[in-house]
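Asker: One-letter residues, chain by chain:
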Amino acid sequence: MMSFILRRLIQTLIVIGALSFFCFYLMSLMPGDPVDMMISSNPNMTSEDVSRLRELYGLDQPVYKRYLNWVSTLAQGDLGYSRTYRVPVTEILGPRLWNTFILSGLSLIFSLLVAIPLGVFAALNQGKKLDYFINFFAFAGISLPSFWLAIVLILIFAVQIPLFPASGTMSVGTDMTSFEGFFDRIKYLILPTLSLSFMSIGSFVRFTRSSMLEAMRNDYIRTARAKGLSRSRVLIVHGFRNALLPLITVVALSFSSLFSGAVITETVFAYQGVGQLVLASIQSNDFNVAMVSFMISVSMVLTMNLVADLLYGVADPRITYV
Amino acid sequence: MKRILCLIALLFSLTTELQAQRRLTAQELNIGVTQEFENFNPLIMSMMATTYMYRMVARTLNVLDENGEWVPQLAEVIPSLENGLARRTTIDGHPMIEALWKIKSNASWGDGTPVTCRDVKFSWEVALSPMVSISEKEIYDQVKEIVIDEKNPKDCLLRYREAKWTYNRLATFFIVPEHLERPIFEQFGNQAEGYEQHSNYTRNPTHPGLFNGPYRISEIKLGSHVRFERNPYFYGKPSFFERVVVKLIPNTGTLEANLRSGTIDMVSALGMSFDQAIAFDEKVKKDDLPFDVNFQPSLVYEHIDFNLDHPVLKDQVVRQALLMSIDREALTQGLFGGRQPVALHNTSPLDPWFTDDPKKIKIHPFSRRQAKRLLDQHGWVVAADGVRAKDGQRLSFTLMTTAGNRVRELVQVYLQDQWRSIGADVQVKNEPARVFFGETTRKRKFDGMAMYAWISSPESNPRSTLSSKSIPSEENGWSGQNQPGWRNARVDELVFKLDLEFDPEKRLAMIHEILFLYTSELPVLPLYYRSDVSVTPKSLRGYKLPGHQFPATNHIENWTLVDGVNEGAKL
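Sequences listed follow chains A and B, in order.
If you count by my numbering, then the first sequence holds residues 2 to 323, one letter each, in order.
If you count by my numbering, then the second sequence holds residues 9 to 579, one letter each, in order.
Keep in mind the hints are simulated off the structure, nothing from the lab.
No more than 30 Å apart at the CA atoms, straight line, and that leaves these computed lysine-lysine pairs for DSSO-like:
#1 B:K451 to A:K66
#2 B:K162 to B:K152
#3 A:K188 to B:K229
Ranges of calculated distance between the beta carbons of each label pair, as one might list FRET restraints:
#4 A:I157 to B:T174: 51 to 59 Å
#5 B:Q401 to A:I143: 50 to 58 Å
#6 A:V72 to B:K368: 57 to 65 Å
Where a beta carbon is used, it is the ideal one built from N, C-alpha and C, also for glycine.
So here's chain A without its partners, still in its complex pose:
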């Protein structure tokens, strides 16, 4: 088991290293640079200003040199400086990662809490009205564009019935450590969480339903029933546990996106998350912010894949690691 984990960790580090160069190279291929952004907002910049700034930022260097500079700075524990926001990367990225983690985490928990029981109910009532109703709800969730749903939620619950704030992360000047600050934060999270969850609920319901249907058709379920086990025991211990395997993969991959952010939801709700930041940093060629975000996303995907592999063993004792 330990050698398996160690091997996978080494593989993970190699993949991260290779992907980091690949991402850096891809970003450098994009047309324009931070200086071009400055030109568009300052009509008085001269061609001398442009050349001087490109040299100062090292944009006149070949890609491999810029990559090596970035890696060596990172190796010293310095995540660098955001050229767009003019602050250290940690200062801008840290709070955004935390905000995204809260929003995505809450949304994931809420989605799972709603979707798993609905999926199980739908499977147990296959072909009945309840199944059709839940399926309709699930397909609606998958099909509705998230930006549309977000705008509708804002119009209903912030403009027509102003129960929640239309956008933002928390009220200006609120102290997050206080009790009042905590509730203020919750108030701002409700609409984006609902908007973000609606789509995941749909897909989780479909996954749970099909896994459960698959599991309930197996011989061991018939055997368990023949043994006279209670309905709940058959469902939970024999049916649901076996239905968990494909769900683990889907949920583990969803966990990996906890720090990636939801660009559309964050933009519509003006929620200070990392998705919006990454999009802006890619658009403005803010290498340091974009690269650190990429690295976090890549690491999360690879780590959660490893966790999923380990959880298979827990859910299914037949699986061993060599």
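Since the structure of chain A is provided, determine the placement of chain B on it from the hints.
Answerer: Relative to the frame of chain A, chain B by itself:
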């Protein structure tokens, strides 16, 4: 059923209660913007939203006000040759100029430290450092020497390298507090970007001593909002609003929802798109909403660059026919309700150098018949496919612009249709803004035409867009902005002489000659001057949208409310 009815009643009562609470008072004004902002170090800031907010917290020696007049801010008066505070001199046979800037006696930083010439000199030193990534260096570089009067450190003598008439226009000569920033500059100034990364603006951005304007920053959350509080040390009259909060709401739809729900009280010029503002203006009138939608023609010049290396478009007759065949009046009426005026050339009506005098510039009125005749006369014959041709060359080209920009795409369709009627075949080829500006226009890779906008400042030398030295090329690192590739020796001469001419009448004559050549040779097809838009509460007074690059916040201390409150809460 009763429970449901009770719940609905409760929701309605709650709604009414919440709506009643939305009342704008002198306590706090909430402004929405859609554009990102950065840290507030004025020497390195480059984003428009930062500039918008910076003008609330700090002032420069002088500025162009909302009425287009140059007015003093930190300075007592603007030095000039006429008032004797400036004088022309010669050093080693080289003509120079020097100006005495007297800083207001009560001008102070937000911690009570007086603003002096030491701050001016220190800012100049920092800006000239090769290790600081200042975007526009020319404004500082024009100064050769700054002399501080030790007996009166409020007096500041600036000696300029050259005698240019623009010497006393220092609205982008930003000043930082020497007493807070010098130790940092001395410690980190020799590292690339070292000063800016350790500056108080980066590490301690709410320090009151960083600001000298009507407000100070009390809270800054990048990507979210900035909160401002009244600065008790401001030299001018105290602002009406005790606090101002600027909120970043990137989505324009959400921005409008925030305005209607009362989360924000107004939308700055960096908010709604033009088409959204027109639609919102209709809603305001229809539903009697308590807002004013303000439209102000600006210095942004929407145009089409011809690639003058194109075999068809290098022909001046073709360019003239293309311009004459489009009804730009109908275009602006149809698409913008006439709120964005037709452009005659690159100088906006807001600019004192503007002219629409047909004796001074060449005006090409709309006449499809005239355009066709012109092409016929010069051998462009309509072929069987309806497209004209001459010497085996078809009158066919591409028109590029930024993909996803709805207004520009509508204009493209309109132009395509109009040009088809005179036998010109136009293919639309759009690219994401990033590619279009970062590669295609910057390196002159557009095949035929490129539609986009230029922003200029009033009375600014058009050297960077019209001089042949500014044609982007590999040799100059693609750094020029003369994308059409226009070469005119007389224009080159005039843009060089323009800065050195102190006589305003002669200067005007020079610029009018440039405009004549520009409108005659048509290296660019003028479309319209864009308008800035903002939304303000009906009860707001003293607000004016300037239309130029110095934002409305330059006079924020003049903003007040009718009877002290905003009465409109009917949403």
